[in-house]
Amino acid sequence: KAGVTQTPRYLIKTRGQQVTLSCSPISGHRSVSWYQQTPGQGLQFLFEYFSETQRNKGNFPGRFSGRQFSNSRSEMNVSTLELGDSALYLCASSLKGLALLETQYFGPGTRLLVL
Amino acid sequence: DQQVKQNSPSLSVQEGRISILNCDYTNSMFDYFLWYKKYPAEGPTFLISISSIKDKNEDGRFTVFLNKSAKHLSLHIVPSQPGDSAVYFCAASGSNTGKLIFGQGTTLQVKP
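Keeping their order, the protein sequence lines are chains A and B. Residue numbering for the first sequence follows this note's numbering, beginning at 1 and increasing consecutively. Residue numbering for the second sequence follows this note's numbering, beginning at 1001 and increasing consecutively.
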């Protein structure tokens, strides 16, 4: 079974631009979560989607948004990019979500550099 | 507020010996704990998990111990191999959180 895939793997943007990252979960998984990893803050939860609905949200500004499609694929969008948004963005999937104490499986991540 | 803490940023052990990675948590509502292994520029790879109804879970060379009263868990790797060298994250979640809370990670180096 194929794992979680994320595209693109690397991205360079400039301040003020917006960016869209894509995630395809493991086949059959309906919950998709997004995390941001930075050297200073570690791995931090952004949001979780299940059945095309945002079910949980972390403490990030409204510039960070996401959505999920009927095939469970998810996209994350960051508008008005700031230098501090440079990070590794990770997507994780599970069957139904952590509320049922499931294991999340991570993709390879998208490395975003904001100049 | 760091709800999950890995107080040792790094650990170095000799090949063949035991590696013990520690993790403490503060939220008593956490009831599911996981360990992930991560290489630079890659996503975390799931290693092993434990639910709060157990105090030990074993999978090959990896064993996780949970001490609920102390709010402490540990990952034992026996025997350690050079390929185990990576950053190890512990993570916790609860049925009321819906998300993983990660520790800051411990870099393990296994020397040949």
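Among the hints, a few may not be true.
[Claimed, not checked] Just some of the chain B residues that point at chain A, by a computed CB distance under 10 Å:
id, residue
1, G1016
2, N1027
3, L1034
4, F1046
5, S1051
6, D1055
7, F1062
8, F1065
9, P1079
10, G1083
11, A1091
Source of the hints: derived by calculation from the structure; they are not laboratory data. Glycine included, every Cβ here is placed at the ideal spot set by N, Cα and C.
| Violated constraints from the hint list, given by number and in increasing order | Those not satisfied are hints 1, 2, 6, 7, 8, 9 and 10.
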